[in-house]
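Undergrad: Residue numbers (the working numbering), protein chains in the order written: chain A, -17 to 252; chain B, -17 to 252.
Everything labelled a hint here was simulated from the structure, so no lab data went into it. No incorrect hints appear here.
A pair holds if it fits inside one copy or across any two, identical chains being indistinguishable in the list.
Subject to a maximum C-alpha distance of 20 Å in a straight line, what follows is the list of computed DMTMM-like cross-link-like pairs (lysine to aspartate or glutamate):
{"hint": "1", "residue 1": "K229", "residue 2": "E251"}
{"hint": "2", "residue 1": "K247", "residue 2": "D233"}
{"hint": "3", "residue 1": "K59", "residue 2": "D215"}
{"hint": "4", "residue 1": "K97", "residue 2": "E4"}
{"hint": "5", "residue 1": "K248", "residue 2": "E187"}
Number of protein chains: 2
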Amino acid sequence: MDYWFSEMHTPNIKLGFRIKREIAHATSKFQDIHLFETYDYGKLLVIDGTVQTTTRDEFIYHEMIVHPPMFTHPNPKKILIIGGGDGGAAREVLKHEPREVHVVEIDEKVVEICKKYLPEISSSYNDPRVHLHIENGKEFIRREGNFDVIIVDSTDPVGPAADLFREDFYEDMKKALKKDGVISQQCGTPFYHPEEFSQVKKELEKVFEYVKIYIAYIPTYPSGMWAFAMASDMPIERRRKLNFATKYYNDEIYYSSMSLPNFVKKYCED
Amino acid sequence: MDYWFSEMHTPNIKLGFRIKREIAHATSKFQDIHLFETYDYGKLLVIDGTVQTTTRDEFIYHEMIVHPPMFTHPNPKKILIIGGGDGGAAREVLKHEPREVHVVEIDEKVVEICKKYLPEISSSYNDPRVHLHIENGKEFIRREGNFDVIIVDSTDPVGPAADLFREDFYEDMKKALKKDGVISQQCGTPFYHPEEFSQVKKELEKVFEYVKIYIAYIPTYPSGMWAFAMASDMPIERRRKLNFATKYYNDEIYYSSMSLPNFVKKYCED
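Bound-form chain A, shown alone (with noise of 0.2 Å):
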């Protein structure tokens, strides 16, 4: 049988896989989320019609929203995650050895189906560390501080995550964090959507000292390019050194990574 899901990047551009079946389907009162089993791509969770992982390149996202901010911090020990109800982030995280890790997921329904068909990428969850809240992220950062690292690892600013991408709540993540924290977030694909990332830019530079912009490839995102952001009240640069295997990061992607063609850097200045 030809089974094939494709994604939309845009209304004159899709990218397809084919199918073997689907996994599991579930719609939550948030979203509408399929997990499929592919030919090439191992397992594909889908949510809203966007892919949000994939079993073969998830390690690219995950190390590269980690790693960055968690190698910028000199001894990085309370964690927070806003979003990333996959688990992928808290694993990366956890290579680290920090002392807790929070996981806020508004979506409990996205955390069901991963800690029960997507053991590769939420096995995380099985660390006493890591301590997972179903809960808007916006609220629980109100409540909640003395974070060395806040990662933002939700889907794009359309939908239930628009309000992660505004700086209101920059405000209160910065309040969350100690004085030497950093923050990362993923912010799109500049080739589509340049003025998502340089949005997210502009807001983070109201409210930190340092922003940096960095890029990664990843394969089964919308062009290929993706971009996430870094900030802080500390200058941006690497304060240790690799200590365990990765698959995509090393210590000269730390910095090749904010290395931004031309069309993108434009976008950083205007």
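Place chain B on chain A using the hints.
TA: For chain B alone, kept in the frame of chain A given last:
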């Protein structure tokens, strides 16, 4: 009307472009050539079902196959492009003010279509320093010599370009280069075909003292991560600074494009 061209990146992954119309179609003695007008990517050149170039993102490929080797050479004056029938590599080479540029394209039909319908890319043919030779690059290179830089801008190592990825061709190429000469070659996607670039690297290392793999983001190529090789008997370093406008390449990218993710590095070492 819903009219799509899809490239099969693998039998199980495809990238689809919504098409406005077919601009041209020709079958040469070497290959099947289509030129489409798309909604999102401008004009799209397809050879044997494989995306060659689009007017929206061709700048990335052409800048990145040309500028790294050209800026490695202290004073590149006589340049050879093998393949590159669309004229895009020649256009970028001209920005370095060379004395002569030879484009050796095996398929006259490709040049014809590009000259007629892709002036944005092929206008370099109007420059008197650009000399077009309709010939097999393998034969041309045995006859001609004294090049400062040779750029192998061919299709993939299946089909008519297969010979351009072998040691004996690299030997001929070395003979056709001056002592301080530099070459570059496109060598596929490390994500889907790591064996291609690692094979290129191995073969080049039999012939040249210094070989470097570097990568660039190309949204319309499989996986979005594309590899190139540079080789020379001189150490590969940036010997000149960028002195004209670019959209992708810049002085930092010369080095950051050589900073490879661990899963790619692994294939360089094996």
